[in-house]
Amino acid sequence: MSEATTSNARPRSDRARRRFEVGVLSVPALVMFIGFVILPVFMAAYYGFYKWKGFGKPNVNGTFVGLDNYRVILTDPSFQQALGHTLFIAVMSLVIQGPLAILFALLLNQKFKGRGLIRTLIFVPYVVSEVIVGTGWSLMLQPTGAVNAVLAKFGLHGVDWIANPKIAIWTLMFIISWKYIGFAVILMIAGMQAIPEELYEAARVDGAGFWRQQWSITLPLLGPTIRMWAFMSIIGSLQLFDLVYIIWGQYVASTAGTSTMATYMVREGRLANNYGYGSAVAVVIFVISLVIALSYQKFVLNRDLDGAVEGNRGGSGSKPRRKARIRGAAVERTAAAVEAADTMERTAVETIRKGARAAAAPLMAKELEA
Amino acid sequence: MSSATKDPYALKRSAKTPWGHPIVYVLSFILVLICVVPVLYIILGGFRTNSQITQDPAGLPNPWNVGNYLTVIASGTFWTELVNSLIVSVGTMVGVVILALMVSFVIARYRMRFGKVLYTLFSAGIMFPITVAITPLYLLLRNLHLINSQLGIILPQIAFGLPQAIIIMVPFLQSIPMELEEAAELDGCSRLGFFVRMVLPLSGPGVATIAILSFVASWNAYMLPLFLLNDSTKYTLPLGVQMFSSQHSVDTAQVLAFTSLSMIPALICFTIFQKKIVGGLAGAVKG
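These protein sequences, in sequence, are chains A and B. The first sequence begins at 1 in the UniProt record's numbering and counts up one residue at a time. The second sequence begins at 1 in the UniProt record's numbering and counts up one residue at a time.
If you are wondering where the hints come from, they were derived from the structure by calculation, not from laboratory data. Quick reminder that beta carbons are idealized off the backbone N, C-alpha and C, glycines included. Hints may contain errors.
[What the hints assert, rightly or not] Dumping the calculated DMTMM-like pairs for lysine to aspartate or glutamate here, alpha-carbon to alpha-carbon at most 20 angstroms:
no.	chain 1	residue 1	chain 2	residue 2
1	A	153	B	187
2	A	57	A	76
3	A	111	A	14
4	A	57	A	68
5	A	111	A	197
6	B	116	A	21
[To be verified] Partial list, derived from the structure: chain B residues whose beta carbon lies under 10 angstroms from chain A:
no.	residue
7	147
8	240
9	267
[Claimed, not checked] Anything over 10 angstroms on all C-beta distances counts as not near chain B; from chain A, calculated:
no.	residue
10	51
11	72
12	95
13	111
14	211
Using the sequences and the hints, build the whole thing.
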């Protein structure tokens, strides 16, 4: 409102001033973002057309090979294996972590003493770095390590969890689930707390048991949260690098059957000094991720998320502020925390939505104008 | 919405948290064990000797032995890497917070189409993870002579941290009432003055969230330092842990001690983190 009046009063100087302020505030971040995030992706697309060792300029010191790098990548059996492992990891992460996370969230959403502490502790693996997780687990999973020692105490024969190609990928799946499930659980709990208590009460009045309530109320209403988490999980799986590289190293990963697209990229690009080829692999990973993300967005997220987000935004935005007003200044700090929590929750939804959609930025620009 | 009807009910319930069903405790206990035991194994393993570990890989320290920890603490390597990690993480954190605040202010408070374009652009960054950009990023930084320098890690980490931070910050800044800005304007406060005097103090919780997230992400970062640092005196702790464990592969106890010590700062940060985010996200909603 006030902007309109002020700009009427002194239009020219104010507009110039605003432009100046916007420039000062946004240019540094824009330069960083375009320079270090957007530009490298385009550089990869350019380098991908060359056979190049990384010194000098590709068009001087390298050879233009057109789409040859891409032909080699797509016909290379070890890339196909890596792609297979990556897709396997992406699917199995959903299959393993999803149901478990919902069950754990149901458990930790019960009211009981000590629940806060437990919620904190299950988040520990998520906060500890990949290097530490990798180092720790690879020590424990050695043939003479702690895991096999515990199994021996129960009279079981241990196996070589890491080097045996039949088992290694399942070992990796276990470590991934262990590391990332805490995040899924916290998201699910947040989703469950957004479900109105009245629904359960009504169901109880109608005589529905605990599991029936979860099946008919929690699960359907948790849908948006589940789909959102699944999206994040898929994107993460497609980029998986650290854990595999730390536990299996660059060469063992392919013989143990745990190589991923990213470890393939590093091995064939950086370590083999083939920067042109490595860049082409990066482009392939990017395109695969993009296609999967966009189709997920189109076929899974789009159907219901828009409505859910709008509803969520309207509801949760007003709640904490109203509460604050009712209870007065003494609770203001609590209200701020609630607001923060709400924002985080909303943000998570928005992140997914925007992230997925932003890839189709031109489309979106049109949408905004309309 | 439902809060008005739910509130009195919620108060009655939360007045006294009930003891749960025994099965709830048993299951939760198992869950916590699965999550925590591997981490405890690393910490406790550092208190054992190698012969203890060889004899019984899954045993407890007996007797307790602080020698491994003392050796690591006395070595210069650990402290150098700790300082390197601190420089990189704090640098990243400060950069992300400042730049994200500035851009989010434009997006949230200047009603311009440009703001929407900015928001779309930055949120697209979620789709550009560092894995995809790493090879050309390495070449770019080499051309800028930023290999083996902390700045070479900080700058890209800031850039890659911005999308998430902006997505978190914008709603915070949008929730500052417009009346406040009008009042400030009436009192002769310029827009930038409003930013410095009102927005910065009011956006505390949001700033804390993005600061902690970017600090922990940078503290744990592996791929970028792996590509950029060849000089082991510049190593950050994740690289240091990896180098240490390959150099001392026969000295398991020492590796475990080194690994546990490198966890401490992230775990300290995590205690703040869980209050702000785990507690906030999951617990505070029902007050």
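Tested hints:
A C-alpha spacing of about 76 angstroms is found between residue 153(A) and residue 187(B), which places the hinted pair above 20 angstroms, so the restraint is violated. Simply put, residue 57(A) and residue 76(A) have alpha-carbon atoms about 27 angstroms apart, too far for the 20 angstroms limit, and the pair is violated. Straight-line distance between C-alpha atoms of residue 111(A) and residue 14(A) comes to about 56 angstroms, which puts the hinted pair past the 20 angstroms bound. As the CA atoms of residue 57(A) and residue 68(A) are separated by approximately 19 angstroms, the hinted pair is consistent with the 20 angstroms bound.
Annotation: proposed proximity of residue 111(A) to residue 197(A) holds, straight-line Cα distance about 13 angstroms (limit 20 angstroms). As the CA atoms of residue 116(B) and residue 21(A) are separated by approximately 16 angstroms, the hinted pair is consistent with the 20 angstroms bound. At a threshold of 10 angstroms, the smallest CB-CB gap from residue 147(B) to chain A is about 12 angstroms, leaving the interface hint violated. A cut of 10 angstroms between beta carbons decides the hint on residue 240(B): the least distance to chain A is about 9 angstroms, and the hint holds.
Among the interface hints, the one on residue 267(B) holds; its C-beta lies about 7 angstroms from the nearest C-beta in chain A, closer than the 10 angstroms criterion. Interface exclusion of residue 51(A) from chain B stands, the closest Cβ pair being 14 angstroms apart, more than 10 angstroms. Annotated as non-interface, residue 72(A) keeps its C-beta farther than 10 angstroms from every C-beta of chain B; the closest such distance is 16 angstroms. Annotated as non-interface, residue 95(A) keeps its C-beta farther than 10 angstroms from every C-beta of chain B; the closest such distance is 19 angstroms.
With a cut of 10 angstroms on Cβ distances, residue 111(A) falls inside the contact zone with chain B, its closest approach being about 6 angstroms. Every Cβ of chain B is farther than 10 angstroms from the Cβ of residue 211(A); the closest lies at roughly 14 angstroms, confirming the non-interface assignment.
In the structure shown, a violation is registered for the earlier hints numbered 1, 2, 3, 7, 13, in ascending order.
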